[in-house]
Amino acid sequence: MAQRIDVKDLNIYYGDFKAVADVGMAIEPRSVTAFIGPSGCGKSTFLRTLNRMHEVIPGAHVEGTVAVDGVDLYGADVDPVAVRRQVGMVFQRPNPFPTMSIEENVLAGVRLNNKRISKSDAADLVEVSLRSANLWTEVKDRLNRPGSGLSGGQQQRLCIARAIAVKPQVLLMDEPCSALDPISTLAIEDLISELKSAYTIVIVTHNMQQAARVSDRTAFFNLAGVGQPGRLVEIDDTGTIFSSPREQATEDYISGRFG
Amino acid sequence: MTTADLSSTSSEFRALITQVDKRRHRKDRTMRVLIWGAFVLAMIPLVSVSLTVVVHGMQKLDLDFLTHSMRGVFGGADAGGIYHAIVGTLLITLFATLISVPIGLLTAIYLVEYGRGSLARAVTFFVDVMTGIPSIVAGLFAYALFAVFFGPAVRMGVVGSVALSVLMIPVVVRSSEEMLRLVPNELREAALALGVPKWLVVIKVVLRTAVAGIGTGVTIAVARVMGETAPLLIAVGTIDSINTNLFSGRMMTLPVFIYQQYQQGLVPCTPGQQNCIPTINYDRAWAAALTLIILVMLLNLIGRLITRFFAPKNLG
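Protein sequence lines correspond, in order, to chains A and B. In terms of the UniProt record's numbering, the first sequence has 150 at position 150, counting the first letter as 1, and numbering is strictly consecutive. In terms of the UniProt record's numbering, the second sequence has 198 at position 198, counting the first letter as 1, and numbering is strictly consecutive.
Heads up, some of the hints might be wrong.
Unchecked claim - Computed list of lysine-lysine pairs in DSSO-like fashion (alpha-carbon distance at most 30 Å, straight line): (1) A:167 <-> A:119; (2) B:204 <-> A:8; (3) B:198 <-> A:167; (4) A:119 <-> B:22; (5) A:119 <-> B:198; (6) A:115 <-> B:198; (7) A:167 <-> B:204; (8) A:196 <-> A:8; (9) A:115 <-> B:204; (10) B:27 <-> A:140.
As the list claims (entries may be wrong) - Pulled a few chain A residues facing chain B out of the computed Cβ check, cut under 10 Å: (11) 75; (12) 78; (13) 80; (14) 87; (15) 100; (16) 120; (17) 122; (18) 123.
The hints are simulated quantities; they were obtained by calculation from the structure and are not laboratory data. Glycine is no exception: its CB is placed at the ideal position from the N, C-alpha and C atoms.
Please put together the full structure from these sequences, using the hints given.
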C-alpha cells in the first residue's frame, strides 16, 4: 500500500516562468516527509507535481521525472486521472463538497466516478475510512447531515477520510493544519502518525515545530530572490535537519534568523 | 494629579467624543433623503402598473374566460376567452426553453471550464452582440430561416420558439456563466485530486453546486421572453381557435392577444342592442395582461422553490 517516490532533475514551470528548479530527492515508503521553507519557494508547487495536479493550472508544465515505484508519472502512456487515484491529496483549506452529506463526501471518489458499489460495501467503506481518519465516533450518528456543517478540524479529517477512501498509495498534504486551531491540529498530527504505517505521506508545512513533530525526513526549500526559481536546499532525517543541518541557509531558517 | 486636574481632562475628553461633525451629519441626512426618494420614485410606476392591471383585469377575469377560446366570438358579445393564447404561450415558451437551455448551458460550460484564447473571446463577443439584438429582428430572422424551407408566409409555433430562443440564449449563457464562475475552484481541485475525470467533475460537482443559480437564471430568461410580442406577431401570427401543434399552423399567444384586442378597439354597439358591450375588447386585453403577469409570477415562484430545494445546505 505504500510506494517509494524518486524525483530526478525536476523543473516546474507556470507558462514561461520557472517556479522550481533542479529538484532531486527520494521519498521513502511508509514514512512522513515534510517540506519546509519560506512562502513562494515552491513547496506546494512541487507537491502538486507528485500527483499531476500542477498541470490543472493553464500553462503549467514540468520537465524531469517523478517515478513512483520505478514508473515515471510523466511517461507518455500515463493517465493523470489514474495517477490521482493512486496519489491522494489533502488541501490547505478543508473543502468538503457542500451539496453532499458526510457519507456522500466519503464516497465521493467512488460515486463521482460512476462506479457501482453495493450498499453494504459502501457502508463498510464509509466506516473504515472515517475510523482511519479518527472521525467515526464523532459523526456516526449524523452521516446524512451536510459535510459543511462540521467544525473546521472535523471537515479536514473528513477530507482525509475522503482521500483514503479511494485507497491511494501515497497521501499528499498541503498545509493541512494551517486553517485549524491547536486542538484540531493535534488531532490531525496524531492521525498522520497513525496513517504512516500504511501510506507514504508527504506534508507541506509552515510550522517548523509541526515538521519536527510528525516527520521522519525533512526537506528545506529556498529561493534566491523574487522572480528566481525555488530550489531544494537539503533533505535529511528530521533530527539532523533540526540539530545539525549541512547548509547555513537551513540553520538560519530553522533558528528563525530569517523567514 | 489632583482631582480637579482629573475632572478637567475628563471634560476635555468628553468634548472630543461628543462633538458632532456637522458636515458629516448634513451629508448623511441629504444622502438618506436622496436614496429614499429614489426608492419611492422607482416604486411608483411598479405599484401603479400592478394596481391598474389588477383593477381593470379583474372585471373580465373568471374561469369561463380562462377556459374558452375566441372561436366564433364576434361583435361586442360578452363571450370568449384566452385559453388558446395561454396554451400557445406555454407551448412556445417551453419549446424555446428546450432549445435555449442546452445551447446556452453548454456554451457557458465551454467558456468557464474549457475556453481559452481567441475562440473563447470570440464566443463571449458574439454572445454580447446577441444580447443587443432587437426582438423584432429575432422574429424576422426566424421567419426568414423557415421561409427558406417552407416558402413565404410560413407561420408556425416553432418559428416563434426559434425567435424567442435567439433572445433567450445570450441571457442563459450570461447567467449560467456567472453561476459557474461562483463555484469555488477548491471543489474542482478536490474532485480532480480524487481521480475524477474532468467531464465528470463538471457534471457532478460544478453543475450540481451551481444548479440552483442556473435554475434561477433560466426562469428569469423565460419570464423575460414570455412577454415578447413583436417576434411572435411575425413568426406565429394570430388565430381565434385552439392549436396545440407547434409544427403546423398559426397559434395565439398572450402578448399578441392583448395587442390584437387593443387594436380592435371599441365595439360600435347600436343603442339598445342586446349582449353588446362597447369596451369588451379592452376588458379582454386587460384580463389577458393580468393573466400574463400572474403566469410570469408563478414561474418566478417555481424558480425560487427550485433554488431553495437545490441550494447547498450549510446548517449542520
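Comparing the hints with the structure gives:
1. The hinted pair formed by residue 167 (chain A) and residue 119 (chain A) meets the criterion: a straight-line CA distance of about 18 Å does not exceed 30 Å.
2. For the hint pairing residue 204 (chain B) with residue 8 (chain A), the CA-to-CA distance comes to about 36 Å; that exceeds 30 Å, so the pair is violated.
3. Under the criterion of a C-alpha separation no larger than 30 Å, the hint pairing residue 198 (chain B) with residue 167 (chain A) is consistent with the structure, at around 20 Å.
4. The suggested pairing of residue 119 (chain A) with residue 22 (chain B) is violated, with an alpha-carbon distance near 71 Å, which exceeds 30 Å.
5. Restraint check for residue 119 (chain A) and residue 198 (chain B): satisfied, since their Cα atoms lie roughly 26 Å apart, inside the 30 Å limit.
6. For the suggested pair residue 115 (chain A) and residue 198 (chain B), the alpha carbons sit about 16 Å apart, so the restraint of at most 30 Å is met.
7. For the proposed pair residue 167 (chain A) and residue 204 (chain B), the alpha carbon gap of about 21 Å is at most 30 Å, so the pair holds.
8. Distance hint between residue 196 (chain A) and residue 8 (chain A) is fulfilled; the C-alpha atoms sit about 24 Å from each other, no more than 30 Å.
9. About 13 Å separates the Cα atoms of residue 115 (chain A) and residue 204 (chain B), which keeps this hinted pair within 30 Å; it holds.
10. Annotation: proposed proximity of residue 27 (chain B) to residue 140 (chain A) is violated, straight-line Cα distance about 58 Å (limit 30 Å).
11. Here the hint on residue 75 (chain A) is broken, as its CB sits about 17 Å from the closest CB of chain B, past 10 Å.
12. Among the interface hints, the one on residue 78 (chain A) is violated; its C-beta lies about 13 Å from the nearest C-beta in chain B, farther than the 10 Å criterion.
13. The criterion of a C-beta within 10 Å of any C-beta in chain B is met by residue 80 (chain A), whose closest approach is roughly 9 Å, and the hint holds.
14. With a cut of 10 Å, the hint placing residue 87 (chain A) at the interface with chain B holds, because the nearest CB-to-CB distance is about 9 Å.
15. Taking 10 Å as the C-beta cut-off, the interface hint given for residue 100 (chain A) holds, the closest approach to chain B being about 9 Å.
16. Nearest Cβ of chain B to the Cβ of residue 120 (chain A): about 22 Å, over the 10 Å cut. The hint is violated.
17. With a cut of 10 Å, the hint placing residue 122 (chain A) at the interface with chain B is violated, because the nearest CB-to-CB distance is about 16 Å.
18. Using the Cβ-Cβ criterion of 10 Å, the hint placing residue 123 (chain A) at the interface with chain B is not satisfied: the shortest such distance is roughly 19 Å.
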